[in-house]
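Take a look at the letters that make up each chain.
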Amino acid sequence: MISTLLTGRARRVLGDRLLQALGVLALMLALTTLVMLLYDVARDGLSRLSWQFLTSFPSRRPEEAGILAALVGSIFVIALTALIAIPLGVAAAIHLEEYEQKGRLTRLIEINIANLAGVPSIIYGLLGLGLFVRTMGMGRSVLAGAATLALLVLPVVILSTREALRAVPGSLREASYALGATKWQTVWHQVLPHAMPGILTGLILSLSRAVGETAPLITIGALTYVPFAPDSIWSPFTVLPIQIFNWVSRPQAEFARNAAAGIVVLLVLLLAMNAVAIYLRDRYQKRVA
Amino acid sequence: MKPETRLAPLADVVRKGGGDEGEAPPTKVEVRGLNFYYGAKRALEEITVSIPAHRVTAFIGPSGCGKSTFLRTLNRMNDIIPATRVEGQVLIDGENIYGAGQDVVELRRRVGMVFQKSNPFPKSIFENVAYGLRINGLVRNRGELRERVEESLRAAAIWDEVRDRLQDSALALSGGQQQRLCIARALAIRPEILLMDEPASALDPIATQRIEELIYHLKTDYTIVIVTHNMQQAARVSDYTAFFWLGRLVEYGPTDRIFTNPAEKLTEDYVTGRFG
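Protein sequence lines, in the order shown, are assigned to chains A and B. Heads up: the first sequence at position 109 corresponds to 109 in the numbering used here, and the numbers run straight through without jumps. Heads up: the second sequence at position 243 corresponds to 243 in the numbering used here, and the numbers run straight through without jumps.
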């Protein structure tokens, strides 16, 4: 009797260990790949990184070419995307979660938003081309690009914001209502601040996705060779991923080094965005606690 | 544990000393034929009851008997739960709160509530009390705000413990302190009625005793309705007791009579601990 118990226990411990080992292995695999990738890019690109690289426009001669147009384009487009997608997405999520009666209609809307989050980005590019570039006459502008990317990230913004709102305890809402607060006062003073860390996490993820997008912007006609930085929302533009893709597709080895340097710049931009968002999130978390 | 300052009584409320004796007090809340439904399920059946002003009325009964649900119909807190429905009337000072054109926000300012689990906002102690005053626009300037916050904290018998740390997070307080802070928060907007949903059920005996003493003092200024699981508590703090069972009001009367000489067999079985 005792011996069978022991073997049962031993088997459970073994299973536990095995699963743990598998988990570590999976993690190591992912981490090693990432580190190797970063190492490879840094080895090729770091030596090419210079002030000249950051402040020059693209050129036929690889040693004179720079990333300025794409860098400014990316920053411009992503800032405008955030400006469009964040208020729209957060407002839509607040409406769905706090105001709309829960029923068949909201479920239908919810399912559709979840589906939209999974639609390939090139489809959004086609929509942007038809809607913003042609019908609304925005042309191949920064604004059209930002509007397209905003559509692309909107479902993710809405879903993650709803998740964050749903995680706010009902007792907090009740406490506010019981003091004679209106729905809006409750949402603005209690629910939103409490959900803010979660909302910000969702925003980081979606904007990070947008900054790396290439396909929809090529579809709407972002240029691959731009010898100037965009100076208004109506300017033609390019972005970092497109510039990198352009360089990678050239046969000369020097352009490949430019591409590696461009990837480093893109990564730094991404990390900087995430750092700002994490800083904001921590500040909110401290205030809530 | 005597509160140092009393909130000013509301002008439109007739004050009746603070005593438990004397002639029958005027009715503050009159409930007529109230039915309540969660979806298709009827949770309250034909409740009719008169709750007297400036007295403590206790709702007792086993879990799921509808006493908390009933309490929440008195400030329309159930409105925020989807798929619920109310039939019948709840008259406060003669006016049906479920009537057409009733402002539920204004109602909840007049009928405050303290919950079973203390739920302070994740903000400073000061901001917890100031919130209701701010959102309702009840103070004109910062000085007045500070006065009202102090007054409310005194009335809830917690001022001495928090006076030096008003800017600390409310979540750093003990459970009993948090609950008294929630009472202070409810008192700050000067409601006429205070609903308390098992306010001491999560507290230790000493914290419970402080809440009970507080309730005793508060009834001079407020009409108090308290839901409790604890029959000794009902006997200690209340003037009137209503016994609920399976969504019905079985018996209602002065607390002494309910506990010593109940008219219904069911009430007797419950208060003597034969079931529950």
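Keep in mind that the hints are not guaranteed to be accurate.
[Said to hold, decoys possible] When the alpha-carbon atoms are kept at most 27 Å apart in a straight line, the in silico BS3-like pairs for lysine-lysine are as follows: (1) Lys286/A - Lys123/B; (2) Lys265/B - Lys102/A; (3) Lys183/A - Lys123/B; (4) Lys41/B - Lys117/B; (5) Lys183/A - Lys117/B.
[As the list claims (entries may be wrong)] Not close to chain B: a few residues of chain A, all C-beta gaps over 10 Å, as computed: (6) Arg17; (7) Thr55; (8) Pro169; (9) Leu172; (10) Arg173; (11) Tyr177; (12) Ala178; (13) Leu179; (14) Gln185; (15) Met273.
Please keep in mind that the hints were generated in silico from the structure rather than gathered at the bench. Cβ coordinates follow ideal geometry from the N, Cα and C atoms, glycine included.
Looking back at the numbered hints, which does the structure fail to meet, lowest number first? When the structure is compared with the hints, numbers 2, 8, 9, 10, 11, 12, 13, 14 turn out to be violated.
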